[in-house]
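There are 2 protein chains.
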Amino acid sequence: MKLTILKEYLNDSIQHVSKAISNKTTIPILSGIKIDADANGMTLTASDTDISIQSFIPTELNELSIIELQRKGSVVLSSKFFVEIVRKLPASQVEIEVNDHFQTTIRSGSSEIQLVGLDPEEYPTLPSIEENRRIQLPSDLLKTMIKQTSFAVSTNESTPILTGVLWSAQNGKLKLTGCDRHRLASRETQIDVDPDFQLSNVSISGRTLNELSKILPDQNTLIDVIFAENQVLFQLSSILFYTRILDGTYPDTSKLIPQSYQTELVIHAQQLANAIDRAYLLSREEKTNIVKLIMREDQTIEISSSSSELGKVTEQLDVNSLTGELLRISFNSKYMLDALKVIDSELIHIGFTGAMQPIIIRPEESNNLLQLILPYRTTN
Amino acid sequence: MKLTILKEYLNDSIQHVSKAISNKTTIPILSGIKIDADANGMTLTASDTDISIQSFIPTELNELSIIELQRKGSVVLSSKFFVEIVRKLPASQVEIEVNDHFQTTIRSGSSEIQLVGLDPEEYPTLPSIEENRRIQLPSDLLKTMIKQTSFAVSTNESTPILTGVLWSAQNGKLKLTGCDRHRLASRETQIDVDPDFQLSNVSISGRTLNELSKILPDQNTLIDVIFAENQVLFQLSSILFYTRILDGTYPDTSKLIPQSYQTELVIHAQQLANAIDRAYLLSREEKTNIVKLIMREDQTIEISSSSSELGKVTEQLDVNSLTGELLRISFNSKYMLDALKVIDSELIHIGFTGAMQPIIIRPEESNNLLQLILPYRTTN
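Chains as they are written, first to last, in this note's numbering: chain F, 660 to 1039; chain E, 660 to 1039.
Any given hint could be a false lead.
Put simply, identical chains are the same to the list, so a pair is met inside one copy or across any two.
[What the hints assert, rightly or not] Under the rule of at most 20 angstroms between Cα atoms (straight-line distance), these lysine to aspartate or glutamate pairs were calculated in the DMTMM-like manner: (1) Lys731 <-> Glu781; (2) Lys971 <-> Glu754; (3) Lys806 <-> Glu756; (4) Lys731 <-> Asp977.
Derived by calculation from the structure, the hints in this document are not laboratory data.
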């Protein structure tokens, strides 16, 4: 392999694929980035077996020559050092030459770098995905849906399936659900698919989806999502992002969500978040995060937390409406703040079915987003 | 104590003094901030015994009423939680009321906070400083001098005196010196003092000076620096910053600095820094940071580093001038980068007195800044 490439394009591709590299890999070749070059362009691949990312740089783009190929070929370069050095090369052009035994020379301006390359034949091949089930989602919607659900997944590796966000689809609707044993976040959207398109039990690691989010473009381009038996492929314009579907059966969470409420509250989201944030600061010092909500006859609520050592925070808030039984209820303020943070609505609706039943938070004007938190059992 | 104060002023003062609070303090009352209020204004004090910071908020400033005092008094409030909650209070006015047993109530908008206060009588008194020796320095110059020297102090607590920056003065010049066993950084400036003003063996913790730097104003205001027997006081407009002088005798470093050079090099600072940065990236993977500099007859230098596992970086650089014996010399690239980073000059002068002798780096046009690093002993 011998070629010259514009540094900017090489660097962007390296930054994208390097997100798949794990520092903890026990397979030495997976600490490298695989480079393949031919007349069409250059393909970079990185993988930690759970995630694989492939990025393609075309030889020419909109009449701009990006790569000048002199000899095609492949090599695997250790990502340590390579990822950083390319970003810091002095000139806008980078020459890459691979010789016998994969010895690689990189030249740019006054710099010459010799790298010990590895045999690309030893690099695992990427899963082949049959395109049986495919949906399209606008990039910014996909980012938002990931943000609104992935924070709620479990971080406990003893139940791996719950560390994933569940993707389910039926009746032309796609739903993402994140859930640990104390809270649940779900977001639904219409998708343009055949009426009989269904997805069930597709759980994708929340951490992986957050990595994907970082390379999703901000512009409103369409992302193809292709579901195979064990893998999901996210297809951006020049990037392929493969991820494994988590093993196991995702629990049925539908029964957690009440169909009607004993008490309903409509309140200004930001004012509630600010008040709970102050109560959280104190509850955090107690390491419990417990905050108490008390509803009053005069259409106000009181948010409070206390610490025997430090003191007490009390917040009085007006509500827009409060109907049903007046409750006293305690919950994890951190979970409530997480839920409020991803609801992009001026007013929110909170539904209660009793002091020991799940609390349901939604935007006031929409049903496509739902946040659930379980209350704490406290002695008043 | 009972008063109402503008949140913005209270918050600024808290942020300043809280820098003196250590999480590791074993004296419970020192985890608090002392508040004293009288007709003149409010004084906040925090201390970890090494550093003490006092901030004064006047009742009125430029005809703006900042504090409305109803009852004077004092209290100590645990800084945990207090520092953060004040920043997040909902209204621009904050009411503070201290009752029996130092029980403190803070009210702002819809929030009411009860805090357990401590007895201010138990708070240690600040050192009294006799103003025997005082200099004045512009705030931005003091910041620069700290930045140019504090990075070079030792982090090894077994020689506490070397964890400090040495302040010395004679012949109308002030000099700051930071030094560990491998490098030295010094910066000199003219000061306006009596001809017989002298300072020696005043070593102030580098970490403390960096904390001071964060609260020094960016504007070019004059800072008073007052030297007492065991303490130095930095006096900003409304802030007093006390720090302890480190115990012990600072070693004489003057003999380290050669009076003449065997080899002299003038080179573009940024180009050299970029080349060493790339070589550093590789040397860092080897955990040695060793970079080699080879001088050539054709007025170029080669910077290189190598790793048996990863490869080699070679950089060719033109120099502006190179006189004397051609050397091959190895050094710690991280130390060289640290030194180059604080030299604000397009061209730098590097002086050598042999492959095993100190390397001296200065701005080409000035002698007030000097950076010294010891070379590595390497084979070949």
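Verification of the supplied hints:
Proximity of Lys731 to Glu781 under the C-alpha cut-off of 20 angstroms is restricted to the intra-copy arrangement: shortest distance 18 angstroms within a copy versus 78 angstroms between copies. For the identical chains of this complex, Lys971 and Glu754 are inter-copy neighbours only, at 16 angstroms across copies versus 65 angstroms inside a copy, given an alpha-carbon limit of 20 angstroms. Within a single copy, Lys806 and Glu756 get their C-alpha atoms no closer than 42 angstroms, and across copies no closer than 42 angstroms, so neither meets the 20 angstroms cut-off. Neither within a single protomer nor between protomers do Lys731 and Asp977 lie at most 20 angstroms apart by alpha-carbon distance, with minima of 69 angstroms and 34 angstroms respectively.
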